[in-house]
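Student: Spelled out from the first residue to the last, the chains are:
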Amino acid sequence: MSGVFSPTRAKIDKRTLRTDKWWLQPALTFGVLISFVIYATFRAFENANYFAEPLISPFYSPCLSGACEPGTVLAIFGQPFNNQYFGIGISPALFILIFPLGFRMTCYYYRKSYYRAFWMSPPACAVAEPHKKYTGETRAPLILQNSHRWFFYAGLVFNIILTWDTILAFRNAEKEWGHMSVGTLVFIFSTTMLWLYSLSCHTCRHTLGGRLKHFSKHPVRYKAWSLVSALNHRHPTFAWISLFGVAGADIYVRAVATGAITNFYFF
Amino acid sequence: MTRNVKLRIWRGDSTDGGLQDVQVEANTGEVVLDVIHRVQATQMGDLAVRWNCKAGKCGSCSMEINGKPRLACMTQVASFGDEEVITVTPLRAFPVIKDLVTDVSFNYKKAMEIPAYEHPQNLGPGEARMEQIDVERSQEFRNCIECFLCQDVCHVVRDHEENKKSFAGPRFFIRIAELDMHPLDTLKNRKRTAQEEHGLGMCNITKCCTEICPQHIRITDNGIIPMKERVVDTKYDPVRWLGSKIRKREGIV
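Each protein sequence line maps, in turn, to chains U and A.
Residue numbering for the first sequence follows this note's numbering, beginning at 2 and increasing consecutively.
Residue numbering for the second sequence follows this note's numbering, beginning at 2 and increasing consecutively.
Any given hint might turn out to be false.
In the BS3-like style, the derived pairs of lysine-lysine whose C-alpha atoms are separated by at most 30 Å in a straight line are [said to hold, decoys possible]:
(1) A/58 with A/99
(2) A/110 with U/12
(3) A/111 with U/214
(4) U/224 with A/165
(5) U/113 with A/246
(6) U/15 with A/246
(7) U/15 with A/111
(8) U/22 with U/133
(9) U/133 with U/15
(10) A/99 with U/133
(11) A/236 with U/12
(12) A/166 with U/134
(13) U/214 with A/246
(14) A/99 with U/113
(15) U/113 with A/166
(16) U/12 with A/165
(17) U/224 with A/246
Think of the hints as simulated: they come from the structure by calculation, not from any bench.
Use the sequences and the hints to build the structure in full.
Tutor: In structure tokens form, the structure reads like this:
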């Protein structure tokens, strides 16, 4: 017997005496995250319907393989990967999704969410977890959570690429500049939320000034740290909205690419 | 104006115990500690309860109210419904002594394991100077009243007794953070020992400590996560490590 049922502790036979709906938040988190994972997995393997000029799905950008549809390849990157390895066709999304996925998987906020919702460690505050042993993030694989900063840096590169995709969304299907569609707005929202999510990140806060001992000697970094600290309060909000934003952008592109809807142009 | 309150109070000691139902009057504006005192005065003369300031500043009356770690003196009776039973138990992460009183000496042992502030040797008494922006981060952690609710709710020790030997807990992680962020503290290796001796890596940042802190200290966001990032600087980031060897950089000691 361990934990709250240890011999020296108050003899109470329930895992928790909480009377509120403590299970609701982890249940919602589980539902939303598992839905996203299922959808993202389907889309990553679908290998189709990710481009509708000028919109490219964020799940497939940058498109780096020989299987990429014409018009989706950025000249700066080219097509360094083949469209198949060992005779197996590989979706272009699979070459890149590890980076945004890794960024979110190692994110301090998402860690809280999925440790609670998926691993029930703990399911909620003051609700006993079901595990007999616990070593936290001290051993493999969870010690790899310390790689968050590398995924953060990669995430910034992706944000730049997606910002470029958003700029390209100011073209029409004939690649003429100066146009704006519903897709443009969807991309602006998605990319803005991704930037806010990245900039409000705890690692960003640490990198900009959190590691300093003397703010007074680094006034510019102190100012940057203060700004990011203000954003950091909203990090969970940005985490969720940006997740919905990027999924929404992909759903929109897919809907346009399959012909389910037409990308309406304002001008 | 008074109302009748249904209480369920845990009574017992380390050998046995259980919840006992009791009804007591509560006046408008009273807190749970008030009605516990009324029970003690009128119905359970030997009820053990630890308290002191009744103002949310001493951290003595920590207990669990309807399963949540809280200060009894800061929990309004009016926050519960008229027919709601208020269940009061001792802290469930620590050994019980009697009724609502637990043995929190674990925390004092952990406190002694944290090396104290180390003053610069070249500064004599009265010579230390610090700017406000250099100390404001640490000052947040000085609001801690050592109620140990964060220690109680932390699942690392609450659900795993065996972890107590290797895990200092959130209260002491903010103590370490306070010292590591102190502009004049000269002790080396606080980050490394935080990870290797005090169990910072065992924290999986599920933020219960922050949620229940009666002082609203952002324990996780401002204390534990910044310390985890500092540990990455010293232990898991070869670029930072190399940079610190080539050019001494602030913060990597």
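Student: Would you mind marking each hint as holding or not holding in the structure?
Tutor: Status of each hint after checking the structure:
For the suggested pair residue 58 of chain A and residue 99 of chain A, the alpha carbons sit about 23 Å apart, so the restraint of at most 30 Å is met. Restraint check for residue 110 of chain A and residue 12 of chain U: satisfied, since their Cα atoms lie roughly 25 Å apart, inside the 30 Å limit. Proximity of residue 111 of chain A to residue 214 of chain U is assessed by CA-CA distance (about 25 Å); at most 30 Å being required, the pair is judged to hold. Distance check on the hinted pair: residue 224 of chain U and residue 165 of chain A sit about 39 Å apart at the alpha-carbon level, beyond 30 Å; violated.
Restraint check for residue 113 of chain U and residue 246 of chain A: not satisfied, since their Cα atoms lie roughly 34 Å apart, outside the 30 Å limit. About 53 Å separates the Cα atoms of residue 15 of chain U and residue 246 of chain A, which puts this hinted pair outside 30 Å; it is violated. Between the alpha carbons of residue 15 of chain U and residue 111 of chain A the distance comes to roughly 28 Å, so the proposed pair stays at or under 30 Å and holds. Our distance criterion of 30 Å between C-alpha atoms is met by residue 22 of chain U and residue 133 of chain U, whose separation comes to about 25 Å.
Annotation: proposed proximity of residue 133 of chain U to residue 15 of chain U holds, straight-line Cα distance about 16 Å (limit 30 Å). Among the hinted pairs, residue 99 of chain A with residue 133 of chain U is consistent with the structure: their alpha-carbon atoms are about 27 Å apart, no more than 30 Å. Proposed proximity of residue 236 of chain A and residue 12 of chain U is contradicted: the alpha carbons are some 42 Å apart, above 30 Å. A threshold of 30 Å between alpha carbons decides the hint, and for residue 166 of chain A with residue 134 of chain U the separation of about 14 Å falls inside it, so the pair holds.
Our distance criterion of 30 Å between C-alpha atoms is met by residue 214 of chain U and residue 246 of chain A, whose separation comes to about 18 Å. Among the hinted pairs, residue 99 of chain A with residue 113 of chain U is inconsistent with the structure: their alpha-carbon atoms are about 35 Å apart, more than 30 Å. For the hint linking residue 113 of chain U to residue 166 of chain A, the alpha-carbon distance of about 24 Å falls within 30 Å, and the restraint holds. For a cut-off of 30 Å, the pair hint linking residue 12 of chain U to residue 165 of chain A stands: about 19 Å separates their Cα positions.
As the CA atoms of residue 224 of chain U and residue 246 of chain A are separated by approximately 27 Å, the hinted pair is consistent with the 30 Å bound.
Against the hints set out earlier in the document, violations occur for numbers 4, 5, 6, 11, 14.
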